[in-house]
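Q: Below, each chain spelled out in residue letters.
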Amino acid sequence: MQIRSTEKFCELQTRQNGRLDMGKSHVYKRDNINTDEIIPARYLNMDAEEELARHCMEDIDTEFVAKVAAGDFIVAGEDFGCGSSREHAVWAIRGAKVAAVIAGSFARIFYRNAINCGFLVVELPGAVQKISNGDELEIDARGGKLKNVTRKEVYEFTPLPDFALEIIEAGGLLKKIAE
Amino acid sequence: MAMTITEKILAVHSGNESVKAGQLINADIDVVMCHDVTTPAAISMLAERGLDRVFDSEKIVVTPDHFQPAKDIKSAELHKRLDDWCKKHKIKHYYPLGKAGVCHALLPEQGHVRPGEVIVGGDSHTCTYGAFGAFSTGVGSTDLAAAIATGQLWFRVPSSIKFELSGKLSPAVYSKDIVLEVIRRIGTDGARYMAMEFAGDGLADLSMEARMTITNMAIEAGGKNGIMAVDEVTRAYLAEHLKDKADFTVYESDADAEYVRCEEIDCAALEPMVAFPHLPSNGKAISEAAGLAMDQSYIGSCTNGRIEDLRIAAEILKGRQVAIRTIVVPATPEIWKQAMDEKLFDVFYDAGCVVSAPTCGACLGGFMGILAAGEKCVSTTNRNFVGRMGSPKSEVYLASPATAAASAVEGKLTDPRKYL
Ligand code: SF4
Chain U
0 MQIRSTEKFC ELQTRQNGRL DMGKSHVYKR DNINTDEIIP ARYLNMDAEE ELARHCMEDI
60 DTEFVAKVAA GDFIVAGEDF GCGSSREHAV WAIRGAKVAA VIAGSFARIF YRNAINCGFL
120 VVELPGAVQK ISNGDELEID ARGGKLKNVT RKEVYEFTPL PDFALEIIEA GGLLKKIAE
Chain C
0 MAMTITEKIL AVHSGNESVK AGQLINADID VVMCHDVTTP AAISMLAERG LDRVFDSEKI
60 VVTPDHFQPA KDIKSAELHK RLDDWCKKHK IKHYYPLGKA GVCHALLPEQ GHVRPGEVIV
120 GGDSHTCTYG AFGAFSTGVG STDLAAAIAT GQLWFRVPSS IKFELSGKLS PAVYSKDIVL
180 EVIRRIGTDG ARYMAMEFAG DGLADLSMEA RMTITNMAIE AGGKNGIMAV DEVTRAYLAE
240 HLKDKADFTV YESDADAEYV RCEEIDCAAL EPMVAFPHLP SNGKAISEAA GLAMDQSYIG
300 SCTNGRIEDL RIAAEILKGR QVAIRTIVVP ATPEIWKQAM DEKLFDVFYD AGCVVSAPTC
360 GACLGGFMGI LAAGEKCVST TNRNFVGRMG SPKSEVYLAS PATAAASAVE GKLTDPRKYL
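Protein sequence lines, in the order shown, are assigned to chains U and C. At position 77 of the first sequence the residue is numbered 76 (numbering that gives the first Met the number 0), and the sequence of numbers has no breaks. At position 94 of the second sequence the residue is numbered 93 (numbering that gives the first Met the number 0), and the sequence of numbers has no breaks.
Misleading hints may appear alongside valid ones.
[As the list claims (entries may be wrong)] Dumping the calculated SDA-like pairs for lysine to any residue here, alpha-carbon to alpha-carbon at most 25 angstroms:
1. U:K28 - C:S390
2. U:K28 - U:N132
3. U:K174 - C:D51
Just so you know, the hints here were simulated from the structure itself, not pulled from any lab data.
Whenever a hint applies, use it, and build me the whole structure from the sequences.
A: Put into structure tokens, the structure is as follows:
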């Protein structure tokens, strides 16, 4: 697993021996999970990641913050992250120590924000059919393989394009620019 | 090589003779739009990385609008960070309170949008400016920071869907109804990663204000940008609004440019539309929707808070009383002044509405019109997601200013045709 990522996420991965390791999945069998549900606008008067993380997914699942553990995954249907351009949505999820979002497809700005932040997103058609709540997953982002440890299955997905992996490996777009 | 208008603009801005859909490019940015929610974070990110600089202090346009006037201490702090930064970097086009307005209404009005340019903004509805034949798209804070510091961003050249609009709208049917029909047809991700190009003689009759309502909601179909060619209506608007730099380049799609899909919209056949919760694509014709009781009517936002919209609402409200809470939000100070001069405020006051200062306000569930659990609001805004205007148990119904005004009068979803 070659993916490195921005600050907090890096720490998390280092703890896990440089691998994006196993985590539990939190499955939302819904399409169009939007930025208002991921981080409602009533919290947009702040932009600190730790604070946003406390309200992550609040309007879709009030229990989420209590049950998520570092290194877990969010799994959802089509068009995840549609709506506003608020990068706060990525920060809230990253702040909640989620390792990656796996969805059937992503809305454009969310996808772009995630890459720019060095946060891993995996586009896996039919993700919500393949993965059940609580399944343990392991991702090989460069190789385009997602292992469902619980079900003993391996799914292939198209890895992020090279330019995106480069941005993530540089630790996000701004780090790349700063260099 | 045949190109669309979007491809032509991106080719010129990336130093290529031609580009095609799917190609990755680095494009020069002409204008960067900044507001109070996404920009303070971008500024902090730059400072943390020792990149506290702006690529051009004359090409960045800043207005606090989402929580302006400051709704609480935390938003006041966002505004302060924005204000300090604008002063430090001598941002030329800074619109603080008094001049501040809803960004997407303010920028064209103040002459910051020119055809042929590449414009990015830290807001998803930045696609609005495509009504002027510009490539314009919304980005998050990291992209915004990169654009502010370097004046460049990476893009994947989008493929295009073409929407051919034909025919004349019937009375009491507006461009909002056109775009709600477009989104109903293709879905909230029907144009994901794509350019939505609007063309056809159905556009010719529409004012720039009405056209902006259409490009504004391109994002609601997942679009990267919405775009329209320049015509006489565009030129007339620009002649009136462009200030320091009045020259611009006009691009047009080649006749044999490639589109992934073509949709025809017969404007004459459209009825007033209402998008039901919780997706902008849940559009229904008013004939199927009328009668549902509402608790609030909201007339404002970057979609429909312009003078034309307020005039339409006033026409219906004149001499009548609203049956539910009705909030009118002129999108910019100039619109506010004009509405006052035209005595529209008298109409709103007499009808029992309240008029607020220019702000995004309740459009995004910020303040000034938040909904309680179980409440329903008919709104001229652009999103009806769960919790968008308040409680996660409230509901938002998207409609034109005419439908919102008629519904305010009757306290339930109402066909505006009976009032116009
Ligand atoms: S008016 Fe609403 S949609 Fe428009 S920029 Fe403001 S919050 Fe966003």
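Q: Now, for every hint given, state plainly whether the structure supports it.
A: Tested hints:
Simply put, U:K28 and C:S390 have alpha-carbon atoms about 22 angstroms apart, close enough for the 25 angstroms limit, and the pair holds. For the proposed pair U:K28 and U:N132, the alpha carbon gap of about 10 angstroms is at most 25 angstroms, so the pair holds. Our distance criterion of 25 angstroms between C-alpha atoms is met by U:K174 and C:D51, whose separation comes to about 13 angstroms.
Every hint from the earlier list agrees with this structure, and none is contradicted.
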